[in-house]
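Undergrad: Sequence:
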Amino acid sequence: MSSISIIGTGNMARTIGARATAGGNTVEVMGRDQFKAAELAKALGGGTTTGEWGTAPAGDIVIVALLHDGVVPAVTQYGDALAGKVIVDISNPFNPTFDGLAHGAETSVAQEAAKAAPAGASVVKAFNTVFRQVLEKGRPDVFIAGDHAQAKASVEAFVKSLGMRPLDVGGLKMAHWLEGAGVVTVGLANHGVGNLDFALGITELPV
2 MSSISIIGTG NMARTIGARA TAGGNTVEVM GRDQFKAAEL AKALGGGTTT GEWGTAPAGD
62 IVIVALLHDG VVPAVTQYGD ALAGKVIVDI SNPFNPTFDG LAHGAETSVA QEAAKAAPAG
122 ASVVKAFNTV FRQVLEKGRP DVFIAGDHAQ AKASVEAFVK SLGMRPLDVG GLKMAHWLEG
182 AGVVTVGLAN HGVGNLDFAL GITELPV
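In terms of the working numbering, the sequence shown opens at residue 2 and continues consecutively.
Incorrect hints may appear among the rest.
What the hints assert, rightly or not - The list that follows gives simulated cross-link-like pairs (lysine-lysine, DSBU-like), each with its CA atoms no further than 35 angstroms apart:
1. LYS174 / LYS138
2. LYS138 / LYS161
3. LYS174 / LYS116
4. LYS138 / LYS43
5. LYS43 / LYS161
6. LYS161 / LYS116
7. LYS161 / LYS37
8. LYS116 / LYS37
It should be emphasised that the hints constitute simulated quantities derived from the structure, not laboratory data.
Taking the hints into account, I'd like the entire structure generated from these sequences.
TA: Structural data, given as structure tokens:
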């Protein structure tokens, strides 16, 4: 099983933390508000611990469960404390109308986080195409992107421990298109599907 640190105390942090503990992983919660972090750790149970914001995370995999505009500042603030870690960005940088990306360039939050990360850290994009309730109750496909094979292998093993299927879409530049896929999921939720109880996935023809 994996050793996980979660930066953030919101709904996605809670959901991923719950699935992680249920999957037998070691979990640490880190939040700017130490009281909220402690309350979340208590709610998750399973030996979940809390770490002090900005200090070296205990987990080998660090899931940054923050809104998109908080990811790069957090990675920057943690700095060398993230050296040697696998950093997982789960964010979706939606524009105000949720029909496009907040950044105009062909980049991604994950790519910008990689620029801010210390030497030896690896950034992987994952989980951004899965709505929270599906992550909580379902077994969706989880698309991942990253430049480092070992980092992706670690994230794939973690995803499998959650009872989900990891699917590698390629290098970290593909994170831009995963963020675009996040926009597609919102469009489907608002139009073709009409609810949030679904996730994008891959259907394979039988051999």
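Undergrad: Name the hints, by number, that the structure is in violation of.
TA: none
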